[in-house]
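Number of protein chains: 2
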Amino acid sequence: MAPADDRRVIRTKAAIRSAMISLIEEKGFEALSVKDITDKANINRSTFYLHYVDKFDLFDQTLEGITQDLHRILTEIITLTPDDLQDIKMPYAVVVKVFEYFLANAALMKTVLGTKGNIALQNKMKKIMWSALFEKNFSPLIKKENLVVPFEYFASYIAAAHFGVIQQWLENGCRETPEEMARILTNLTFRGPLFAAGVFH
Amino acid sequence: MAPADDRRVIRTKAAIRSAMISLIEEKGFEALSVKDITDKANINRSTFYLHYVDKFDLFDQTLEGITQDLHRILTEIITLTPDDLQDIKMPYAVVVKVFEYFLANAALMKTVLGTKGNIALQNKMKKIMWSALFEKNFSPLIKKENLVVPFEYFASYIAAAHFGVIQQWLENGCRETPEEMARILTNLTFRGPLFAAGVFH
DNA sequence: TAGTTTTTAGACAGTGAGTTGATTATTTAT
DNA sequence: ATAAATAATCAACTCACTGTCTAAAAACTA
Chain A
0 MAPADDRRVI RTKAAIRSAM ISLIEEKGFE ALSVKDITDK ANINRSTFYL
50 HYVDKFDLFD QTLEGITQDL HRILTEIITL TPDDLQDIKM PYAVVVKVFE
100 YFLANAALMK TVLGTKGNIA LQNKMKKIMW SALFEKNFSP LIKKENLVVP
150 FEYFASYIAA AHFGVIQQWL ENGCRETPEE MARILTNLTF RGPLFAAGVF
200 H
Chain B
0 MAPADDRRVI RTKAAIRSAM ISLIEEKGFE ALSVKDITDK ANINRSTFYL
50 HYVDKFDLFD QTLEGITQDL HRILTEIITL TPDDLQDIKM PYAVVVKVFE
100 YFLANAALMK TVLGTKGNIA LQNKMKKIMW SALFEKNFSP LIKKENLVVP
150 FEYFASYIAA AHFGVIQQWL ENGCRETPEE MARILTNLTF RGPLFAAGVF
200 H
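Residue numbers (numbering that gives the first Met the number 0), protein chains in the order written: chain A, 0 to 200; chain B, 0 to 200.
What the hints contain is simulated information worked out from the structure, not anything from laboratory work.
No false leads were mixed into what you were given.
For identical chains, the list gives no copy identity; a pair is met inside one copy or between any two copies.
Derived DSS-like pairs (lysine-lysine); straight-line CA-CA distance at most 25 Å:
hint	residue 1	residue 2
1	Lys26	Lys115
2	Lys115	Lys126
3	Lys34	Lys12
4	Lys142	Lys125
Work the whole structure out from these sequences, hints included.
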């Protein structure tokens, strides 16, 4: 092992990484071959194996930073209190932060969450968001005796719903601001989707 | 072309199909090879190519029946009126039907929607459910002037949320009855998730 | 049973994966 | 500026899977 800050290594890894991202956008993760990546990155195929075990390893390493960041944002920044949930402001602030982060990493996030992505990767991210947001924040606030539906389905409902909205936003090219998206998402969840859609008055 | 009801053909196709389903459960769709499938199905690899172009073709053909059924269930059975949405009963009936169908085809549905599935396939199914359920039923009922959030995000929210709950249910092994699941889902959507979770009283 | 069709076994070329060893190019530290 | 270190390259190799094709064997239908 040599200095990891060797400029050749940095250059090579960057080339590989950005080749992967642009290729995932083109044809999806599963359809990629190592050869595709190294061709696009203009490096020898052997070189790839000096840095990564295979394309999955490459993706994992790429995703690692993202998931750490996200986890930090979700847990460090805020711990909700019961009062926060009675008002829309506090969760709103968290959601804004998340959207801002997604916006800053839109290209990669789109490859993870977009239609060309990979379910296992999606689930990895879902799990992180889930545990950070729910287990540590929402869960303690929910009184079992008030539950009209099983907690796990409530959780699946919210987690998937939020993911769906984020996915749609990324597909659209992130036209709305993080603040606007946070407003949309908190409205949908706090007021209920049908109310937010104007079906109930 | 000979009689398509030749018993050898029926046997072979059935063997291939069920081999595929069980292998997807094991290792996921992308990891499968044609050889895996034919080994499991105990047929010659050449035989596979007599019936299918490749594994994607096999999956498409397998999914075709499912999607047609689902589309029929969602469109034929019901057309919602504005009054239906003021009450929870009518949508409830549709949702029960859907869960019943999923239950009857749980093995395959789990491979499509489960963690080992494939995003493209999920999207295909989402699109079908989406167009049948929303474009023809919900959409006309929503008055633009009452919208608090853009319609497309409302749509993404609901579609993804329902999908998430169905996924969770399949992962759990379909413990709840279709009626129970329909109750859960309609409660979450009609009352709003936080109300259904007992956060609001 | 006779005639037809499916399945089989095996071989084929083509492609990507992952590894290796010798060589060249670049970088860092002196 | 130069030497030592090490990263990248190139070519070649094994392996596994794909998709196609043939001729022979097996199973089906009528």
